[in-house]
Every structure is written in structure tokens, then in C-alpha cells.
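Colleague: Read off the chains here:
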Amino acid sequence: MERSILHSDMNCFYASVEMLHHPELGEKPLAVGGDPEARHGIVLTANYPAKRRGVKTGMALWQARQACPEVIFVPPRMDLYLRFSRLAHEIYADYTDLQEAFGIDESWLDVSACIDSVRDPLTIAQEISERIKHELGLTVSIGVSWNKIFAKFGSDYRKPDAITQITRDNYKKIVWSAPAADLLYVGRATKRKLAAIGINTIGDIATCNPKILCAHFGKIGYILHTFANGRDETPVCPENTVSPIKSIGNSTTTPRDLVNNDDVRMVIYLLAESVASRLRDQHFAGSLIGISVRDNGLFSFTRQKKIPMPTNISDEIARYAMQLFAANYQWEKPIRSVGVRVGDLVADEYWYQTDLFVDPKMREKQLKVDVAVDSLRRRFGHDIILRGQMYFDRVLSGLDARAEDHMVHPHSYFERGNQLGKEVFYE
Amino acid sequence: MTVRRGYKVYVDVGAEFSDEGELVPKYLIWEDGTRYEIDRIVKHERCASRKAGGAGILYVCRVRGQDIRLFYEENYRWFVEAKTL
Ligand SMILES: [Mg+2]
Chain P
1 MERSILHSDM NCFYASVEML HHPELGEKPL AVGGDPEARH GIVLTANYPA KRRGVKTGMA
61 LWQARQACPE VIFVPPRMDL YLRFSRLAHE IYADYTDLQE AFGIDESWLD VSACIDSVRD
121 PLTIAQEISE RIKHELGLTV SIGVSWNKIF AKFGSDYRKP DAITQITRDN YKKIVWSAPA
181 ADLLYVGRAT KRKLAAIGIN TIGDIATCNP KILCAHFGKI GYILHTFANG RDETPVCPEN
241 TVSPIKSIGN STTTPRDLVN NDDVRMVIYL LAESVASRLR DQHFAGSLIG ISVRDNGLFS
301 FTRQKKIPMP TNISDEIARY AMQLFAANYQ WEKPIRSVGV RVGDLVADEY WYQTDLFVDP
361 KMREKQLKVD VAVDSLRRRF GHDIILRGQM YFDRVLSGLD ARAEDHMVHP HSYFERGNQL
421 GKEVFYE
Chain W
1001 MTVRRGYKVY VDVGAEFSDE GELVPKYLIW EDGTRYEIDR IVKHERCASR KAGGAGILYV
1061 CRVRGQDIRL FYEENYRWFV EAKTL
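Read top to bottom, the protein sequences are chains P and W.
Last residue of the first sequence? That's 427 in our numbering, and every number before it is there in order.
Last residue of the second sequence? That's 1085 in our numbering, and every number before it is there in order.
None of these hints come from the bench; they were simulated from the model.
Incorrect hints may have been included.
[To be verified] Footprint (simulated), chain W over chain P, 3 or more residues, beta carbon under 8 Å: (1) 18-24; (2) 92-103.
[As the list claims (entries may be wrong)] Among chain P residues calculated to face chain W with C-beta under 7 Å, some are: (3) Leu136; (4) Gly137; (5) Asp393.
For glycine and all other residues, C-beta sits at the position ideal for the given N, C-alpha and C.
Sequences and hints are given; from them, build the entire structure.
Modeller: This is how it looks when you write it as C-alpha cells:
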């Protein structure tokens, strides 16, 4: 029997939760973003009135103010958003045990078991949408389809407060005419490479000979072809949804093999900087540090360790990661790929609860340095400021670890090892 | 202690747990210090208040012949959705 899958996406989530709690602001442009007083930080989410005026996620606050002088900045309250996320999961749980969070505000639901003569998937989507509006005061856009990829596509297709069903009858018309970049996991770099071989729409991917895609992209080429044809069979994985984002990590295949600790240190620092920066953007700190390493043969391993207090400081993350590496690798072979991950996340407002043996002033300084580096890089690009050690080998350190090609999503689609054989995602 | 933010008035509430584990508000102290007995719960349901700004469990309470909207917010505080500013 065909599956019935919904993908539910809460619209402008952080901003909508804030709008609900600030009825006095009405429909004024609002953006949730880090510490406006300290004049740093970025827009995490903007509401529609702000978006219409040009405010975008990821913008520095001063840029947002330039685009829309009346914008009202609200500091993020992660604990509040996590509670609303959990309330949404509770509503979903009334319909299925098979729900899978994708970030804090999106979920896949396999509702196949509730389909009967009275309720079709569309009715269930309508019911969920109504309940979220009534019970949480938020809107969702929901995609309905027979596979996760098209369900996700449907939730992005029309928003806010909309339901889009992608069926066997309409997918060629709706999905195939959309730009290639609208397909899950076609990032900016992949989009560029696709365009270079004349592939611009999802339909182009679907109808292209998969061997050609494979020749250009490796196994991911096959996966994209499968996705574009609606043949994704990946199940909706039930899981603990209390804290939807479990960890943030990056991994990369290096431009050349790594042959000694100095090489590895360079890559680990690059990855740690990008992971720390993403943690800070999302206002998280974590107390579980993990690494993944693959050599140029078949050997790979992951190790993790619990650290005394949550961190989002790049130097701390890098040091722990390096310790883990040094304690666990004997250099039998050169290394091809490295990943760094931070888990056990908490809202970063708690991070300063220091213990007896750590100098809080030193940590504060390190954090200030990181934040200053973030803001320089945001304005002038990644390479505007680099650690001295990066100059040992600019080919190796030239990787922009924040570039999306290396990015492991907060909650990777391939996290549990996907069913399609791609092995480069480590998280 | 009552705190008012627009239409949202946080109030002190006296509540009981029934033998079935249900939370039942019995009285509330309004901002002027008056204690109001809750005569009856007309209905309760999960609900958001766009007027006061928040979400939780709404108790529509009969108090001195009138219905008031009392919320047990998701942060475990009680507020009344005021009728006027
Ligand atoms: Mg969303």
C-alpha cells in the first residue's frame, strides 16, 4: 500500500512565537536576533512584514535595520521555542507514532495507519493545521505526498498557512517544473554544477540519464535522480522529539590526504570554528564533543566525550576534538575525511555557569574573539581573518568550512545512514 | 502577585487536583486584591490567546454569573485574558 506522508513546517517559527507573545506589536515588522544592544548578532527569523521589506534570515542586525528601519528586534528565547516545538510534536503524536523532526520547526509524519474511509491524508493535514492554529496560535504549511521528499517539497511550495498535496497525477506538473534548487539537498554548489550541464529544473534531473548524473556527482547523482522521481523510500524514523536538534556538526573530505597531527589540527580548527559559529547563531552550547575520522582505506571511526560544561567556543571545541583524535589514532594510514560534532545542546544563556576550575573571564574573552571573527567574516568573507596555523598549508585551510557543501544539517536527512548508499554524511 | 501586560493579567490561583489527576482551579485573586471563587468550569481545552499573547490550557470559568477566560500557560503560570485594558 502507498504511504501517506505529511511534512509540517511551522511558518517563520521563532518570529511567530514572538508575535503571539507580543500582541501589542500587531503586524509590525519583527525579527528575532541576537543581542541588539551589543550590536552584534544576526537575524534568526523574520516575520512576513519584515521579509516583505527585505529582511532576511542570516543578515547582520545592522543590515536588517538598513533594509527596514522600523524593524523591531527581539532577542531569542530558545527555551520558549523548544516548548512550543514540543507542543506541536504532542499534537502530531495524536495522529501517528511515526514522526521525525527536521530541525526545531519541521516534522515528517507517516499517517498511513490513520487513513480510512472517513479520513484521507488531506483531511488529517487540515485537522492538524487547524489545531496548531487554535491551540498554539501558529500557522503551518503542510505538504502531503507518498514520499518524504515530495512532502517536504509540498510544505515549501505554498506558505504560510497552506496545504499542498503532491499526487501521482500532479507531480510532473508541480514538482518537475520547479527549479532544481527546490529539491531537498540541492544546495547552491550543486545547483551551479547542475546548471553547467544544462539541468535547471527538477524535471531535468528526473529525466536525465542517471549514469550521467553519477558521472558528475558520484552516488549523490543517483540519489537526486531517485528523489526527483518520487522514488524515495526512506522511512519516517520515530525518535525522541523532546529536543529536536540533537547536535551540530560539520565534516569534510580534505583536498589532500592528511599525514600528521599538524594537518589534522588545521582541519579540526577549521571545522570547530564553523561548528562553534553555527552553535552561536542558533544560541546553543553543547557538552558532548565528537569526532569522526576516515582514512584513505576502509577504516573509519567515531569517538565522543562528555566535557565538564557546555561550550560554543571554537578553541575549546577544537582542543577537545584534537585530544580525542590524538588518543585514538595510531597513524597507520593517511586520513581522507574528518568531522567535528557538538551534542547535548542547551540554550547558550546557561553556558556561563562555570565551575571552580575554569576562569570565566578567559572564556568570556575567547567568546568575544569568536564573535568578532564571526562579524568580520560576515562582512568581508571567511578568509579576512585566519589563525596563524592555517598558513602552513593554504590548500588545506582554504576549505571554507561554513560553505554548504560541507555542512551537515542540524538534523541530517542521512543521519541514520540512508537507504541509498551514500556514506559521506557523518552526523 | 498580579502582573499585567496589556490584556494578559498574571494572577494567583488556588487549584486542586482531582482523584483522576485533573487540575481544577478553585479561586483567583484579581489585580485589585479581590478573591473570586470559581463556581464552575464551563469547559477546558488547549488553546492560544491571541488577545493576551500566549498558549496553554484554557479554563472558561463561571465566576459570579459571568464567564472568564483563565489560562494555565505552557510555562506553568496562570493568566486571565482581560476583557478591557
Ligand atoms: Mg519553518
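Colleague: Determine for every hint whether it applies to the structure shown.
Modeller: Hints, verified against the model:
1. Coverage of a stretch by a chain is defined here by at least three residues with a beta carbon nearer than 8 Å to that chain's beta carbons; for the region 18-24 of chain P and chain W the count is 5, and the condition holds.
2. Counting residues of the region 92-103 of chain P whose CB falls under 8 Å from any CB of chain W gives 0; the rule of at least 3 is not met.
3. Because the closest C-beta pair between Leu136(P) and chain W is about 5 Å apart, less than 7 Å, the hint holds.
4. Because the beta carbon of Gly137(P) sits about 3 Å from the nearest beta carbon in chain W, less than 7 Å, this interface hint is met.
5. Taking 7 Å as the C-beta cut-off, the interface hint given for Asp393(P) is violated, the closest approach to chain W being about 51 Å.
Checked against the numbered hints given earlier, the structure breaks hints 2 and 5 and satisfies all the rest.
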